[in-house]
Structure formats: C-alpha cells, structure tokens
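Student: Numbering (the numbering used here), first residue to last: 342 to 461.
Heads up, a few of these hints could be off.
Listed next, with one range per pair, are the computed distances between beta-carbon atoms [unchecked claim]:
{"#": "1", "residue 1": "Arg438", "residue 2": "Ala418", "range": "16 to 22 angstroms"}
{"#": "2", "residue 1": "Gly365", "residue 2": "Arg410", "range": "14 to 20 angstroms"}
{"#": "3", "residue 1": "Phe413", "residue 2": "Ala361", "range": "18 to 24 angstroms"}
Don't read these hints as lab results, they were simulated from the structure. Glycine included, C-beta positions come from ideal geometry on N, C-alpha and C.
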Amino acid sequence: MTHRAVPADIAERIYKIVAAIPRGSVSTYGWVAERAGFPRHARLVGHALRVLGSNRKVPWHRVINAQGRISFPRGSAPYTKQRRRLEEEGVRFVRGRIDLKRFGWRLTLDELIWKPDQSG
DNA sequence: GGGTTGACCTGTG
DNA sequence: ACACAGGCCAACC
342 MTHRAVPADI
352 AERIYKIVAA
362 IPRGSVSTYG
372 WVAERAGFPR
382 HARLVGHALR
392 VLGSNRKVPW
402 HRVINAQGRI
412 SFPRGSAPYT
422 KQRRRLEEEG
432 VRFVRGRIDL
442 KRFGWRLTLD
452 ELIWKPDQSG
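Assemble the whole structure, with the sequences as input and the hints as a guide.
Tutor: What follows is the structure, encoded as structure tokens:
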C-alpha cells in the first residue's frame with residue numbers, strides 16, 4: 342500500500358467526469374474537481390488534463406476556467422485548437438468568453454428547478 | 001528534498 | 001475591469 346493516493350487513480354476519476362460532459366457544453370476545472378470528489382482541487386484537474394496526452398478520447402476541450410475563458414494564452418496553438426473544437430460543437434464565444442449560464446454544464450435538472458434565484 | 005511553476009478558485013478592495 | 005492574498009497540490013528543476 343502506498344502512504345497516499347495514487348495520482349493515476351485520481352486522474353482516472355477526473356477523466357471519467359470530463360468524459361460525461363455533453364457535446365456542446367462546457368464545465369470548469371473547479372466544478373469537475375468537486376464532481377470528481379475533490380472539492381477546491383481545481384488545479385488537480387488542470388494537471389490531470391495536462392498529462393492526459395493526445396491518445397485518450399477524453400473531451401478535454403470542454404473544460405474551461407471559472408471566468409468562462411480558455412486557460413491557454415490567446416493566440417497560442419492549444420488555445421486555437423480548443424476554441425475551434427468548441428465552436429464546432431456550437432459553443433459560442435463573446436469577446437473571448439463563453440456564457441456559462443448558457444453553455445455551462447454544472448447544474449443538474451433538480452438544481453435548475455429549485456433555483457432560489459427567481460420565483461419564475 | 002526544498003523552491004518554483006502551473007490547462008485553478010474564491011474572496012476582498 | 002484589475003490587483004492581491006490564501007488555499008491546494010502534482011510536476012519540475
């Protein structure tokens with residue numbers, strides 16, 4: 342037994358959550374972390390995706406940061422790649438930003454129904 | 001084995 | 001909109 346969690350196991354759990362993000366939707370690092378059972382470990386998700394490699398069939402491009410932006414420098418190759426993949430799925434960018442209210446996959450149907458924001 | 005980096009988040013001002 | 005601080009932790013040197 343190891344004296345701590347095996348990173349590979351953590352990564353697999355994260356990949357599973359990412360793989361569940363529907364096409365045409367996006368999620369954030371923080372939310373994936375929480376969903377994978379590691380609240381406030383957003384960085385862990387970033388690391389897991391970084392070491393993912395290009396062979397895996399994990400939709401890494403559907404994970405963006407909490408500001409609704411792609412976490413690569415604008416104009417860089419990976420930025421362009423991720424953005425093009427998202428736009429191909431119908432995700433729309435407004436001034437380099439994605440409207441998480443519209444494309445964000447974070448609320449379950451129950452949460453939408455019970456949303457305490459408005460009474461309508 | 002310690003300091004820095006990074007595909008991060010939230011709160012505060 | 002921007003800057004800063006605290007949290008969190010694997011990868012890297």
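Student: Which hints from the list above does the structure break, by number from lowest to highest?
Tutor: Going through the list in order, the structure violates no hint and respects every one.
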